[in-house]
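Asks: Sequence:
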Amino acid sequence: MDETLNPQSKNSESLDFKNPEFIGDSEYQPKPRECNLERNEELYPYLANVSEGLVEAVNLAIRLKRPLLLEGEPGCGKTKLARAVAYELGKRYLQADNWPYFEWSVKSTDRSRDGLYTYDAVRRLYDAQIPTTNPEECDAIHQRLNDPKHKAYRQWGALGLAFRESNDGKNPKRAVVLIDEIDKADPDFPNDLLLEIEEKRFVVTQTGEEVRANPDYAPIVFVTSNAQKQLPDAFLRRCLYHYIEFPSIEALQEIVIARFGKLWKMDLLDRTLRRFLKLRRLMEAEKGEFGKKVSTSELLDWIEALRLYASDDEDLDRLLGKNQLPYANTLIKTKDDRELVKYMEEEGTDDDD
Numbered sequence: 001m002d003e004t005l006n007p008q009s010k011n012s013e014s015l016d017f018k019n020p021e022f023i024g025d026s027e028y029q030p031k032p033r034e035c036n037l038e039r040n041e042e043l044y045p046y047l048a049n050v051s052e053g054l055v056e057a058v059n060l061a062i063r064l065k066r067p068l069l070l071e072g073e074p075g076c077g078k079t080k081l082a083r084a085v086a087y088e089l090g091k092r093y094l095q096a097d098n099w100p101y102f103e104w105s106v107k108s109t110d111r112s113r114d115g116l117y118t119y120d121a122v123r124r125l126y127d128a129q130i131p132t133t134n135p136e137e138c139d140a141i142h143q144r145l146n147d148p149k150h151k152a153y154r155q156w157g158a159l160g161l162a163f164r165e166s167n168d169g170k171n172p173k174r175a176v177v178l179i180d181e182i183d184k185a186d187p188d189f190p191n192d193l194l195l196e197i198e199e200k201r202f203v204v205t206q207t208g209e210e211v212r213a214n215p216d217y218a219p220i221v222f223v224t225s226n227a228q229k230q231l232p233d234a235f236l237r238r239c240l241y242h243y244i245e246f247p248s249i250e251a252l253q254e255i256v257i258a259r260f261g262k263l264w265k266m267d268l269l270d271r272t273l274r275r276f277l278k279l280r281r282l283m284e285a286e287k288g289e290f291g292k293k294v295s296t297s298e299l300l301d302w303i304e305a306l307r308l309y310a311s312d313d314e315d316l317d318r319l320l321g322k323n324q325l326p327y328a329n330t331l332i333k334t335k336d337d338r339e340l341v342k343y344m345e346e347e348g349t350d351d352d353d
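Take 1 as the starting number for the sequence shown in the working numbering and just add one per residue.
Between beta-carbon pairs, the in silico distance windows are:
| hint | residue 1 | residue 2 | range |
| --- | --- | --- | --- |
| 1 | S105 | D317 | 37 to 43 Å |
| 2 | N323 | A285 | 20 to 26 Å |
| 3 | L15 | Y309 | 41 to 47 Å |
| 4 | R274 | V122 | 53 to 59 Å |
| 5 | Q230 | K262 | 39 to 45 Å |
| 6 | A285 | R238 | 35 to 41 Å |
| 7 | Y126 | A305 | 47 to 53 Å |
| 8 | E41 | K262 | 23 to 29 Å |
| 9 | T109 | E137 | 31 to 37 Å |
If you are wondering where the hints come from, they were derived from the structure by calculation, not from laboratory data.
Ideal placement from N, C-alpha and C gives every residue a C-beta, glycine not left out.
Could you put the whole structure together from the sequences, leaning on the hints where they help?
Replies: Here it is as structure tokens:
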């Protein structure tokens, strides 16, 4: 592997803001129950190293200034990666969780422009037509209408904010941008973004204002897809790609411990995870490759429920002995799922399976 892409290289601590490096080490991830008070956000550790090749893919995307397209079954951690990268870069480069991070959760009605800016034409029309006799209000409306950049009516989207961040004269940084669930939008939506992503510039149609990203500090863009729709070939050609596989039992152990700390003895945690994996295998057999199966995110919800009612090893051992799958409501989503749980209970659970 090229040493510049190796997170363990000797130069990993040379703080190059133009090409920041992602290590993916737990040292630079949030501790259990850590919060970002400024964003009113609870933070969770993200173990990028448990997905083979993921750290390398992130660093390639940073160096090549290409979007990284992430796929994987729902709940596998695609969406959380971008925030984890921003958190690590903040801790390593700024010694604080304040690396610029902007998120765009795509909706079915979104247009590509919405990630750049939105323009409230209705409010401007209202200002132009509303009668008022209040002098102060008249002055405020007059100022809004005569502002050549229409700042009162224009709001920057995630990409627009990231482009502007790159031009911070004193402290430019390569903002992290998440474009989440791009496959929810219209089939032409990804191609409509190509010009802005490639040329890193756009024009506000209503004002003619051009916004350009500093090419040295271009945004680090992550795009997620649940593969509900085929993305256009032209868009795929311009992206790097990584598929997040479902973790092994060893990786799941690491994920649970990173999230909650060491709650129980390892043999009990192993027994708990094997119960979860047996349900997942039953779902795979019943629903096939593309059916909804329990995911990593649902495992963490289940562990949280167990933690609430099993504060020590004895409690957990009793729970697992009393019920084949305690608090299954956190894992099942349909009546058919409930039938699979009943099957597990009737069959009995072999924890060595």
